[in-house]
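Please put together the full structure from these sequences, using the hints given.
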Amino acid sequence: MRRLETIQKEELELKTLNVYPLFASCAIDAVKTRYTEKEVEIRSESRDVIVRGNELLEQVFYNILDNAVKYNSL
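The opening position of the sequence shown corresponds to residue 1 in my numbering, with each subsequent residue numbered one higher.
The hints are simulated quantities; they were obtained by calculation from the structure and are not laboratory data.
Just to be clear, a hint being listed does not mean it is correct.
The calculated DMTMM-like cross-link candidates involving lysine to aspartate or glutamate, where the alpha carbons are at most 25 Å apart (straight line), are [stated by the list, open to error]: (1) Lys-15 - Glu-41; (2) Lys-38 - Glu-13; (3) Lys-15 - Asp-29; (4) Lys-32 - Glu-11; (5) Lys-70 - Glu-55; (6) Lys-70 - Glu-41; (7) Lys-38 - Glu-10; (8) Lys-15 - Asp-48; (9) Lys-70 - Glu-37; (10) Lys-32 - Glu-10; (11) Lys-38 - Glu-11; (12) Lys-15 - Glu-45; (13) Lys-70 - Glu-10; (14) Lys-70 - Asp-29; (15) Lys-70 - Glu-39.
The calculated label-pair distances, taken between Cβ atoms and stated as ranges, are [unchecked claim]: (16) Val-49 - Val-69: 29 to 37 Å; (17) Glu-11 - Gln-59: 12 to 20 Å; (18) Lys-38 - Thr-16: 16 to 24 Å.
Ideal Cβ placement from N, Cα and C applies to all residues, glycine included.
Here is the structure:
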């Protein structure tokens, strides 16, 4: 919640980013390292996905991946 308050108060600087390296590093560094007992496989059909955003995208990806692994019943 605290991060949301900060985002709402600040003017965010957006830049052009390729999402794949950010997503891949987040997946490898955070999720695969945290859930070593689970077999985690992450695939992408494209390595060139360009968006406008900032470093907060890494936290978004981490949360999505973390929840996907944590709550996957397979």
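Hints, one by one, checked against the model:
1. Lys-15 - Glu-41: violated, 29 Å
2. Lys-38 - Glu-13: violated, 36 Å
3. Lys-15 - Asp-29: Cα-Cα ~23 Å, so holds.
4. Lys-32 - Glu-11: Status violated; Cα separation ~33 Å.
5. Lys-70 - Glu-55: Answer holds: Lys-70 to Glu-55 is near 23 Å, not above 25 Å.
6. Lys-70 - Glu-41: holds, 14 Å
7. Lys-38 - Glu-10: violated, 38 Å
8. Lys-15 - Asp-48: holds, 15 Å
9. Lys-70 - Glu-37: Given pair Lys-70, Glu-37 holds - Cα atoms ~11 Å apart, limit 25 Å.
10. Lys-32 - Glu-10: violated, 32 Å
11. Lys-38 - Glu-11: Distance ~39 Å between Lys-38 and Glu-11 Cα, so the pair is violated.
12. Lys-15 - Glu-45: holds, 23 Å
13. Lys-70 - Glu-10: violated, 31 Å
14. Lys-70 - Asp-29: holds, 16 Å
15. Lys-70 - Glu-39: holds, 12 Å
16. Val-49 - Val-69: 29 to 37 Å: Because 21 Å falls outside the window, the suggested range is violated.
17. Glu-11 - Gln-59: 12 to 20 Å: holds, 18 Å
18. Lys-38 - Thr-16: 16 to 24 Å: Distance hint for Lys-38, Thr-16 is violated at roughly 34 Å.
Hints 1, 2, 4, 7, 10, 11, 13, 16 and 18 from the list above are not met by this structure, while the remaining hints are.
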